[in-house]
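S.K.: Given chain G, put chain C in place with the hints provided.
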Amino acid sequence: EAGVTQFPSHSVIEKGQTVTLRCDPISGHDNLYWYRRVMGKEIKFLLHFVKESKQDESGMPNNRFLAERTGGTYSTLKVQPAELEDSGVYFCASSRAETNEKLFFGSGTQLSVL
Amino acid sequence: DAKTTQPNSMESNEEEPVHLPCNHSTISGTDYIHWYRQLPSQGPEYVIHGLTSNVNNRMASLAIAEDRKSSTLILHRATLRDAAVYYCILRSSGTYKYIFGTGTRLKVLA
Numbered sequence: 012e013a014g015v016t017q018f019p020s021h022s023v024i025e026k027g028q029t030v031t032l033r034c035d036p037i038s039g040h041d042n043l044y045w046y047r048r049v050m051g052k053e054i055k056f057l058l059h060f061v062k063e064s065k066q067d068e069s070g071m072p073n074n075r076f077l078a079e080r081t082g083g084t085y086s087t088l089k090v091q092p093a094e095l096e097d098s099g100v101y102f103c104a105s106s107r108a109e110t111n112e113k114l115f116f117g118s119g120t121q122l123s124v125l
Numbered sequence: 017d018a019k020t021t022q023p024n025s026m027e028s029n030e031e032e033p034v035h036l037p038c039n040h041s042t043i044s045g046t047d048y049i050h051w052y053r054q055l056p057s058q059g060p061e062y063v064i065h066g067l068t069s070n071v072n073n074r075m076a077s078l079a080i081a082e083d084r085k086s087s088t089l090i091l092h093r094a095t096l097r098d099a100a101v102y103y104c105i106l107r108s109s110g111t112y113k114y115i116f117g118t119g120t121r122l123k124v125l126a
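Read top to bottom, the protein sequences are chains G and C.
If you count the first sequence from 1, you need to add 11 to reach our numbering.
If you count the second sequence from 1, you need to add 16 to reach our numbering.
With the rest of the complex left out, here is chain G:
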């Protein structure tokens, strides 16, 4: 079974540019999550999809961040325009439909905004 795949693994952009991160969850997983760790701080929740619907986006830092999950399959997280404080590692995770199912995380995208 393929795991959660994230692309790219690394991205270096300049302040003000746009970056789009992609996540392919495990096939059949309805739940998809985005988390991030910035500047050596704790891993923080960003948002949660159930299929194509946003279930909880309480962790999204501001309106420069836009997450989509078209057709309930893969998801993208766009940052526009990127700021220096957006640098960090962005993790995607997926899980099956049941509430207390374990999460499977991808290896993350290391984003560096210069």
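These are calculated hints, taken from the structure and not from any lab test.
A virtual CB, placed ideally from N, CA and C, is assigned to each residue, including glycine.
Any given hint might turn out to be false.
[As the list claims (entries may be wrong)] Subject to a maximum C-alpha distance of 30 Å in a straight line, what follows is the list of computed DSS-like cross-link-like pairs (lysine-lysine):
1) C/LYS113 / G/LYS52
2) G/LYS62 / C/LYS123
3) G/LYS55 / C/LYS85
4) G/LYS113 / G/LYS89
5) G/LYS62 / C/LYS113
6) G/LYS55 / C/LYS113
7) G/LYS62 / C/LYS19
8) C/LYS113 / G/LYS65
9) C/LYS85 / C/LYS19
10) G/LYS65 / C/LYS123
11) G/LYS89 / C/LYS85
12) C/LYS113 / C/LYS19
13) G/LYS55 / C/LYS19
14) G/LYS113 / C/LYS19
15) C/LYS19 / G/LYS52
16) G/LYS62 / G/LYS89
17) G/LYS113 / G/LYS52
18) C/LYS123 / G/LYS89
19) G/LYS113 / C/LYS123
20) G/LYS52 / C/LYS123
21) G/LYS113 / C/LYS85
22) C/LYS113 / G/LYS113
[As the list claims (entries may be wrong)] A few chain G residues that face chain C, going by a derived Cβ cut-off under 10 Å, partial list only:
23) PHE18
24) ASN42
25) VAL49
26) GLU53
27) LYS55
28) PHE56
29) CYS103
30) PHE115
31) GLY117
M.R.: Here is chain C on its own, set in the frame of chain G:
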């Protein structure tokens, strides 16, 4: 949200058991205790979870105090590959959001 407290770091010798403690004094009756670990350059990886009773799986054991205000992750024989940051997380039943703390960085000595 309920929070957890873990030591910043621990060391263990290879082949010996490791007991990783976690305090969660504000745990509610519907909070599940989850443990994940993060190896270098990887995303977090599920280890084990439980509600009230002790749990065992192929990776580890989870011992939960009777009052549920603390728990201990037990690695029965530490290997070098177990060196990672271990996170103890409370997750309320019916919710999907994990709140990560700082975790415990486990160093395994050969």
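S.K.: Taking only the CA atoms, is the gap from G/LYS113 to C/LYS85 under or equal to 30 Å?
M.R.: Distance of about 22 Å is within 30 Å: holds.
S.K.: Given the hint that C/LYS113 pairs with C/LYS19, test it: the Cα-Cα distance must not exceed 30 Å.
M.R.: Given that 30 Å is the threshold and the Cα spacing comes to 13 Å, the pair holds.
S.K.: Does C/LYS123 lie within 30 Å of G/LYS113 when you go C-alpha to C-alpha?
M.R.: 25 Å, holds
S.K.: Take the shortest C-beta to C-beta distance between G/CYS103 and chain C; is it under 10 Å?
M.R.: Holds: closest Cβ of chain C sits about 8 Å from G/CYS103, inside 10 Å.
S.K.: Any CB of chain C closer than 10 Å to the CB of G/PHE18?
M.R.: Hint on G/PHE18: violated, closest Cβ of chain C at ~14 Å, above 10 Å.
S.K.: Taken at face value, is the distance from the CA of G/LYS89 to the CA of G/LYS113 at most 30 Å?
M.R.: With Cα atoms ~26 Å apart, G/LYS113 and G/LYS89 stay inside 30 Å; holds.
S.K.: Tell me if the straight-line CA distance from C/LYS19 to G/LYS52 falls inside 30 Å.
M.R.: 16 Å, holds
S.K.: For G/LYS65 and C/LYS123, compute the direct alpha-carbon distance and say whether it is at most 30 Å.
M.R.: Violated. G/LYS65 to C/LYS123 sits at ~39 Å, over the 30 Å cutoff.
S.K.: Has the given pair, G/LYS62 with G/LYS89, been kept, meaning a C-alpha gap of at most 30 Å?
M.R.: Measuring from Cα to Cα gives roughly 18 Å; hence the hint holds.
S.K.: Given G/PHE115 was flagged as interface, is its beta-carbon under 10 Å from a beta-carbon of chain C?
M.R.: 7 Å, holds
S.K.: Would you check whether G/GLY117 satisfies its interface hint, that is, whether its CB is within less than 10 Å of any CB in chain C?
M.R.: 5 Å, holds
S.K.: Is it true that the CA of G/LYS89 sits at most 30 Å from the CA of C/LYS85?
M.R.: 40 Å, violated
In terms of the numbered hints stated before, the structure departs from hints 2, 10, 11, 18, 23, 25, listed from lowest to highest.
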